[in-house]
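**Student:** Okay, here's what each chain looks like letter by letter:
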Amino acid sequence: MNFFETLFPVLETKFNVEKDASAHWDHSVIAKASVLRDLIIFLRDDESSKMEMLLDVVGIDYLGFQDYEGPRFAVEYVFKSISHPGRRVRVKVFVSEQDLEVPTISDLYPIANWQEREVYDQYGILFKDHPDLRRILNHVEFEGHPLRKDYPAHRRQWLSTNDFLLPALEKRLESKGYKVVQHSKEVLPNEDEYLTGSIQE
Amino acid sequence: MTPEAREGNIFTSSLDFLVNWGRKNSLWPFPYGTACCAIEFMSTETARYDLSRIGSEYVRFTPRQSDVLLVAGTITYKQAPILKRIYEQMAEPRWVIAMGACACSGGFYDCYCTVPGIDHIIPVDVYIGGCPPRPESFFDAMFDLQKKVEDESYMKQRAERLKDQIEDIKRKSKECREDLILRKNEACEMVSNTVRSKVNDVLDVFPFKKGR
Amino acid sequence: MKVIAPNGDKLNLMPLNVGPSHGATHGCLRYFCALDGESIVATVGEIGYLHRGFEKMAERGTWQQVVPYTDRLNYCSAMMNNIAYCRAVENMFQMELPERTKILRVIINELSRMADHCICVAAAAQDLGSTTGFFYLFDSREMMMVIWEKLTGARLTNSYSRIGGLYRDTYDGFEEDVLAVCKQAEKNLRDVHACFDRNRIFLDRTVGIGAMKPERAIQWGWTGPCLRATGVASDLRKDEPYYDYETYDWNVVTGTAGDVYDRLMVRLAEIEESIKIVRQALKRLTPGPIDIMDPRIRVPSHALAYQDIESLIGRFKSVYEGVRVPAGEYYCGSEAANGELGFTLVSDGSGKPWRVKVRPPCFTQFAAFQELVEGSMLTDSVATLSSINIIAGELDR
Chain A
1 MNFFETLFPV LETKFNVEKD ASAHWDHSVI AKASVLRDLI IFLRDDESSK
51 MEMLLDVVGI DYLGFQDYEG PRFAVEYVFK SISHPGRRVR VKVFVSEQDL
101 EVPTISDLYP IANWQEREVY DQYGILFKDH PDLRRILNHV EFEGHPLRKD
151 YPAHRRQWLS TNDFLLPALE KRLESKGYKV VQHSKEVLPN EDEYLTGSIQ
201 E
Chain B
1 MTPEAREGNI FTSSLDFLVN WGRKNSLWPF PYGTACCAIE FMSTETARYD
51 LSRIGSEYVR FTPRQSDVLL VAGTITYKQA PILKRIYEQM AEPRWVIAMG
101 ACACSGGFYD CYCTVPGIDH IIPVDVYIGG CPPRPESFFD AMFDLQKKVE
151 DESYMKQRAE RLKDQIEDIK RKSKECREDL ILRKNEACEM VSNTVRSKVN
201 DVLDVFPFKK GR
Chain C
1 MKVIAPNGDK LNLMPLNVGP SHGATHGCLR YFCALDGESI VATVGEIGYL
51 HRGFEKMAER GTWQQVVPYT DRLNYCSAMM NNIAYCRAVE NMFQMELPER
101 TKILRVIINE LSRMADHCIC VAAAAQDLGS TTGFFYLFDS REMMMVIWEK
151 LTGARLTNSY SRIGGLYRDT YDGFEEDVLA VCKQAEKNLR DVHACFDRNR
201 IFLDRTVGIG AMKPERAIQW GWTGPCLRAT GVASDLRKDE PYYDYETYDW
251 NVVTGTAGDV YDRLMVRLAE IEESIKIVRQ ALKRLTPGPI DIMDPRIRVP
301 SHALAYQDIE SLIGRFKSVY EGVRVPAGEY YCGSEAANGE LGFTLVSDGS
351 GKPWRVKVRP PCFTQFAAFQ ELVEGSMLTD SVATLSSINI IAGELDR
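Residue numbers (my numbering), protein chains in the order written: chain A, 1 to 201; chain B, 1 to 212; chain C, 1 to 397.
Think of the hints as simulated: they come from the structure by calculation, not from any bench. Just so we're clear, the structure is a prediction, and the values are computed from it rather than from any experiment. Careful, some of the hints might be misleading.
[Claimed, not checked] Derived CB-CB ranges, DEER-like:
no.	chain 1	residue 1	chain 2	residue 2	range
1	B	Trp28	A	Arg156	30 to 36 angstroms
2	A	Arg156	B	Lys163	51 to 57 angstroms
3	B	Asp144	C	His302	35 to 41 angstroms
4	B	Glu57	C	Arg216	37 to 43 angstroms
5	C	Leu179	B	Glu57	30 to 36 angstroms
6	A	Pro131	C	Gln184	46 to 52 angstroms
7	C	Val319	A	Ala21	30 to 36 angstroms
8	A	Lys14	C	Arg60	58 to 64 angstroms
9	A	Pro131	C	Gly208	26 to 32 angstroms
10	B	Trp28	C	Gln184	28 to 34 angstroms
[What the hints assert, rightly or not] DSBU-like cross-link-like pairs, simulated, lysine-lysine; straight-line CA separation at most 30 angstroms:
no.	chain 1	residue 1	chain 2	residue 2
11	C	Lys283	C	Lys150
12	A	Lys149	A	Lys50
13	A	Lys149	C	Lys317
14	A	Lys171	C	Lys276
15	C	Lys150	A	Lys179
16	A	Lys176	C	Lys283
17	A	Lys19	C	Lys150
18	B	Lys172	B	Lys184
19	C	Lys102	C	Lys317
20	A	Lys171	C	Lys317
21	C	Lys317	C	Lys183
22	C	Lys352	A	Lys149
23	B	Lys156	B	Lys84
24	A	Lys176	C	Lys317
25	B	Lys148	B	Lys24
26	A	Lys50	C	Lys352
[Said to hold, decoys possible] Which chain C residues face chain B? A few, computed with CB under 10 angstroms, are given here:
no.	residue
27	Lys56
28	Tyr75
29	Phe93
For glycine and all other residues, C-beta sits at the position ideal for the given N, C-alpha and C.
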């Protein structure tokens, strides 16, 4: 018997999730953003599912999708179980254009940190309480979010100088328990001092 | 004394020929490899193709010790400033090879993040087409570059550089002279001002009757 | 950078930038570390220097036109990406491939895996100073390149697979060439093991360096040889078999410590397993069709198009409109050389993909890089980086 057929009623009663009608070939559930964290903790820890591995966080923009009505964006989490090989499940959360906010799961799965940063970079979806929500694939001076359907593929944006990583390094040091005596001055990308590339004491 | 030496082991040539001969047979590449083309460059280095046949096997990963900047792979807007900086760090004479469609024109990544050809950032000497180019076409480009190096005149370049330098010196000395004259005038004025004030001081101490 | 350590020591750390155009950062990635003497206290990685907009480009073309872009994801084993993508789309059609295609895809998959592992270990050897190992491993790889050329016409980015079949059938003498490569690869493997196994320098620089615990590796989402090196026997070819992988006789290779040495040795051992699979698959290879017979999916052949009007129309339609994949969403992962290469596909029923999201295996491995190297020496970070096999094209897409 398929594991999902036993798992889904549990999820339905506990977290009020729905089956994703567009998933014809694998298993996917649609959850509300408010129960997302609880649902994912359940999926990760409960013996019946044991989804230990977060494979991917996918952003989707439905602007102009055929016969579609509903929130514009969706974030999809792809999970896989290691203890029960072959079990996979996807969790989908719809995000409307007005609030654009999803709770982060980067404390549950460390890899979610970068994957959420990528979704933020490409779609502009904000992850609440994310420790370090910066752009990851595009450069610092990039404006807009390229994978949105209304971003023209040809709108090119030049970068004037390289990224400034010292604040990120200090953040990392502080998360490891070090105390930074003197912070480097964080300069905005548009300031002249930034352009000369000087690292300020 | 060996017979060879007795016969006069001397030949004459131009300095240009000698310098170019040396330069073209030891073109040390800096592989700015970013993507697929860099893997083909690795194949070029291996035993089957053997880049050392033309004296370029000595791959340097520092721009200051290399002659040829080999841009192999896509250049995105995020790394465009880095590429430019690396080019600027290279010592003259320097040449650039754009390897592969992406470096030449952006390739089929016609997109928000890809630079449409590195010639938007730095000057390019030789372009190699292909996605990725075969090692043979890389060799072809190296031969082209060797021909280009051969045609350059070291003496002419030096003369031009010297001319620039001499003009620079002339201009600077002229500026200095003008500056000096200006300062001299200023100094004279200052001296005369001081003398005048001193005289006035003396006059204050020993007042003479005016209009005498 | 003046800091106070958790134990109260006052330290003066030196920030050091490595990359993005550094000899040891294969491709272009960058890490910025705070050094105390020669040991790394903290480091942050930065990626995106080769972000070429794969996902945006994929949305612009038809489903078949994505195939050349997938070549450039992991360019060390290009055909494996084609096959992984085509498999994902074919699963949405729920089609059954001809037997010959399945076996050919297995052979090509395993040869690509060998080539990829060859590059990874060769580059790691080069970074550790062993140029001899580099030449040995590239030797058999160059032989594979000759096969690719004969088979597809290209050396590196082959685009051999199509949705519902393959680009073309094999040439005469394919089997002998593949067997010759297997033989040569075995010989080269013996040479490489002779270089490494009792080499003091190699062992000192790899054993116990950059170790990862299996639980932590799972949390970080590691897959493929890097996860198997930590001792977790997780391989999609065994767990969720496709293309009849379960019928071949081979073993999942696992390590014990999850350090640099294990990762490199797991890769070398996987080459041996791949040779086993290729030899068995060659025995099963029988003549037959390589494409499914459905003009809506697979383009009718030239011979047919010149003869009847339906096939000609089929060719036009498949070029202009593309394959009409049924509407829906699907995630499909395949075991690529570096780990699980997954494609999340969203189709709206038209000829163009609505969304193609790649799940690159080395993204997760590089995200965990800071945990691997913090506390170790700067030189060890080079060995660690080459052992996790970062392919920038796949990392940044």
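**Student:** Each hint needs a verdict: does it hold in this structure or not?
**Tutor:** Here is how each hint holds up against the structure:
1. Roughly 33 angstroms separates the CB atoms of Trp28 (chain B) and Arg156 (chain A), a value that falls within the hinted 30 to 36 angstroms.
2. Taking the beta carbon of each, Arg156 (chain A) and Lys163 (chain B) are about 40 angstroms apart, not inside 51 to 57 angstroms as hinted.
3. At about 37 angstroms, the beta-carbon gap between Asp144 (chain B) and His302 (chain C) stays in the expected band of 35 to 41 angstroms.
4. As the Cβ distance of Glu57 (chain B) to Arg216 (chain C) is approximately 42 angstroms, the hint placing it in 37 to 43 angstroms holds.
5. Our hint of 30 to 36 angstroms for Leu179 (chain C) and Glu57 (chain B) holds, since their Cβ atoms are close to 33 angstroms apart.
6. Our hint of 46 to 52 angstroms for Pro131 (chain A) and Gln184 (chain C) holds, since their Cβ atoms are close to 50 angstroms apart.
7. Range check, Val319 (chain C) to Ala21 (chain A): about 32 angstroms between beta-carbon atoms, so the 30 to 36 angstroms window is met.
8. At roughly 42 angstroms, the beta-carbon separation of Lys14 (chain A) and Arg60 (chain C) lies outside the given 58 to 64 angstroms, and the hint is violated.
9. A C-beta distance of roughly 30 angstroms is found between Pro131 (chain A) and Gly208 (chain C), which places it inside the suggested range of 26 to 32 angstroms.
10. Checked against the given bound of 28 to 34 angstroms, the beta carbons of Trp28 (chain B) and Gln184 (chain C), roughly 32 angstroms apart, stay inside it.
11. Pair hint Lys283 (chain C) plus Lys150 (chain C) holds up; C-alpha atoms about 21 angstroms apart against a cutoff of 30 angstroms.
12. Annotation: proposed proximity of Lys149 (chain A) to Lys50 (chain A) is violated, straight-line Cα distance about 35 angstroms (limit 30 angstroms).
13. Simply put, Lys149 (chain A) and Lys317 (chain C) have alpha-carbon atoms about 26 angstroms apart, close enough for the 30 angstroms limit, and the pair holds.
14. Taking the CA atoms of Lys171 (chain A) and Lys276 (chain C), the gap is about 49 angstroms. The hint is violated against a cut of 30 angstroms.
15. About 61 angstroms separates the Cα atoms of Lys150 (chain C) and Lys179 (chain A), which puts this hinted pair outside 30 angstroms; it is violated.
16. A C-alpha spacing of about 56 angstroms is found between Lys176 (chain A) and Lys283 (chain C), which places the hinted pair above 30 angstroms, so the restraint is violated.
17. This hinted pair does not check out: Lys19 (chain A) and Lys150 (chain C) have alpha carbons roughly 48 angstroms apart, beyond 30 angstroms.
18. As the CA atoms of Lys172 (chain B) and Lys184 (chain B) are separated by approximately 18 angstroms, the hinted pair is consistent with the 30 angstroms bound.
19. The suggested pairing of Lys102 (chain C) with Lys317 (chain C) holds, with an alpha-carbon distance near 26 angstroms, which does not exceed 30 angstroms.
20. Restraint check: the Cα-Cα separation between Lys171 (chain A) and Lys317 (chain C) comes to about 55 angstroms, which exceeds 30 angstroms; the hinted pair is violated.
21. For the hint linking Lys317 (chain C) to Lys183 (chain C), the alpha-carbon distance of about 45 angstroms lies beyond 30 angstroms, and the restraint is violated.
22. Between the alpha carbons of Lys352 (chain C) and Lys149 (chain A) the distance comes to roughly 14 angstroms, so the proposed pair stays at or under 30 angstroms and holds.
23. For a cut-off of 30 angstroms, the pair hint linking Lys156 (chain B) to Lys84 (chain B) stands: about 27 angstroms separates their Cα positions.
24. This hinted pair does not check out: Lys176 (chain A) and Lys317 (chain C) have alpha carbons roughly 59 angstroms apart, beyond 30 angstroms.
25. For the hint pairing Lys148 (chain B) with Lys24 (chain B), the CA-to-CA distance comes to about 9 angstroms; that is within 30 angstroms, so the pair holds.
26. Of the pairs offered as hints, the one joining Lys50 (chain A) and Lys352 (chain C) is violated, with about 35 angstroms between alpha carbons and a cut-off of 30 angstroms exceeded.
27. The restraint placing Lys56 (chain C) at the interface with chain B holds, with a minimum CB-CB distance near 6 angstroms, inside the 10 angstroms limit.
28. Hint status for Tyr75 (chain C) relative to chain B: holds, with the closest Cβ pair at about 4 angstroms, below 10 angstroms.
29. With a cut of 10 angstroms, the hint placing Phe93 (chain C) at the interface with chain B is violated, because the nearest CB-to-CB distance is about 26 angstroms.
Of the hints listed earlier, those the structure fails to meet are numbers 2, 8, 12, 14, 15, 16, 17, 20, 21, 24, 26, 29, in rising order.
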